[in-house]
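J.: Mind docking chain B on chain A? Use the hints.
Heads up: the protein sequence lines correspond to chains A and B, in order. Numbers 1 to 304, taken from our numbering, label the letters of the first sequence in order. Numbers 1 to 304, taken from our numbering, label the letters of the second sequence in order.
A couple of the hints might just be wrong.
Same chains, same label: a pair holds when it works inside one copy or across any pair of copies.
No more than 30 Å apart at the CA atoms, straight line, and that leaves these computed lysine-lysine pairs for DSSO-like [unchecked claim]: (1) Lys303 x Lys26; (2) Lys26 x Lys277; (3) Lys304 x Lys140; (4) Lys256 x Lys105; (5) Lys304 x Lys256; (6) Lys215 x Lys26; (7) Lys105 x Lys285; (8) Lys26 x Lys186; (9) Lys186 x Lys215; (10) Lys26 x Lys256; (11) Lys215 x Lys140; (12) Lys222 x Lys26; (13) Lys285 x Lys215.
The hints are simulated quantities; they were obtained by calculation from the structure and are not laboratory data.
Listed below, chain by chain, are the residues.
Number of protein chains: 2
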Amino acid sequence: MADYSDRLRLEAEKINACLSAFPELKISENSPWEKVLEAENYALSAGGKRIRAALCVMFYELFSGCKNIPEYVYEAACAIEMMHTFSLIHDDMPEMDDDDLRRGKPAVHVAFGNAVGLLSGDGLAILPFEIISRLASEGKINPETAIKLIGILSGCAGNRGMIAGQMLDLWSEDNPERIDEGFLVKMSELKTGKMLIASCLFGAVLADADEMQMKSAEIYAKNVGLAFQIVDDILDLTSTKEELGKPIGSDLERHKPTFADVLGLENSQNEARRLSKAAADEIGKYPGGGLLAELAVGLADRKK
Amino acid sequence: MADYSDRLRLEAEKINACLSAFPELKISENSPWEKVLEAENYALSAGGKRIRAALCVMFYELFSGCKNIPEYVYEAACAIEMMHTFSLIHDDMPEMDDDDLRRGKPAVHVAFGNAVGLLSGDGLAILPFEIISRLASEGKINPETAIKLIGILSGCAGNRGMIAGQMLDLWSEDNPERIDEGFLVKMSELKTGKMLIASCLFGAVLADADEMQMKSAEIYAKNVGLAFQIVDDILDLTSTKEELGKPIGSDLERHKPTFADVLGLENSQNEARRLSKAAADEIGKYPGGGLLAELAVGLADRKK
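Just chain A, same shape as in the assembly (with noise of 0.2 Å):
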């Protein structure tokens, strides 16, 4: 039986390889306008774990009994990945978190400046609508599945989603007497959370799921999000810079508390390895849902 890890690297793989092939990124006319084109190959080319993108394809997997997945639930998983991205370069930013290191390389903004920075975003944030639609107009997936997704990824991705979340963690910054740990599980269900919610939805959409099947993928989801912010914190307080890829301690020199400081590391740990639990439970009750209960107890004893 292959090991979920093993899965996770052959899937970033593969995402990798669709990333870099999408006509709307590719680079053509020489043109100056083509810099934002170069700053969102040059984030989304930045690696990670790619667990969004794999989320959807395995949850695709799981619910159409396929094991040959079609090219268009790779793209359409790179769409979530191209969000996801949108939301690193954005919350690296000076008004933001300003970092200048994200997965070990100079952020967008750092690499390209600011400006370049906002516009990449900005790109980003619409680039996954046009690839939806393209799928659709091309007839690869239904006009029907294409508006669900399209509502999942907007909902989950915008104002009362992950950037909902981005909010409340500003907002944090500020009030920092004001964080217990129902506030931490807020923001995280939303900046996290969301996006890995739309992630699962977008491979049982993909994958013409039905209504139990929806809900236990949210499910799912919901617990591996907020398991994956606790493990996050975590590892902000505890790795190394090199582990990570990013600078540790940030969220510390802000006085921003997280789950570490509210809960404690052990209680922060076994919250974790509770919900992660309560995911895999959620999925092991599927025939094939084996490897995705193991990625969910996996994500939580991660170490970067």
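T.: Structure of chain B alone, referenced to chain A:
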């Protein structure tokens, strides 16, 4: 016969009413994340001529023959205004044009801080897609129509549309010696023109227009768009701050050549009139196209 400027005023009122009633923009939880919604509502309620939305509505009317415009056409028209407003918010930010005033009021990043400026722009770039997908899921437009709208909007606003134009604008600041008429035409076609094309095509698609009508809508928009930008450049040089509602001469201060510099004021005005006439001629051949023809000519003579 109604004057085109009366019609624009009427449409602006309807659009403003529609913009203030979106469930997606309603503040109801009294939670700090809603600061982003507050900033978006602030930006959207700042007024403006609503030309893009009006073009959508008027093209729908022209090609559908329907005088009683359905509410969903206004909602789709508002989606265009949201995308336009997103670009204004980010354009005004320090890393871009660094303008403190917009439509006579403090720019969003001035009123709400740079981080909220960034996030509210992001939110308004994603929201249009959420709204169009909702219109489809509510059955107000069919999924095929929704996918067409999303393809048009993402294409016109994104990397190869408005954002490319913003990148060229940025580049022109550092390369004033390389700016000629051809460059300015290209920049303007992308930065202003593409979203005007989206506006007119939105109306045409919603009216189920045929290919020839779509082509006419695009020709009209392209000519009006370029004329509009040339007049903008003229006004930036000749108008007063009070008339324009924003700092004047801001292009000049940054040594950013405009049509007014490259062609001279008189030639610029003539070129704007020529383009407007081309737009008017294209649309004047349709029964009922008279008002849009007048609008094209009127825009080239506007004083603010």
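J.: Can you give the numbers of the hints that this structure goes against, from lowest to highest?
T.: 1, 2, 3, 7
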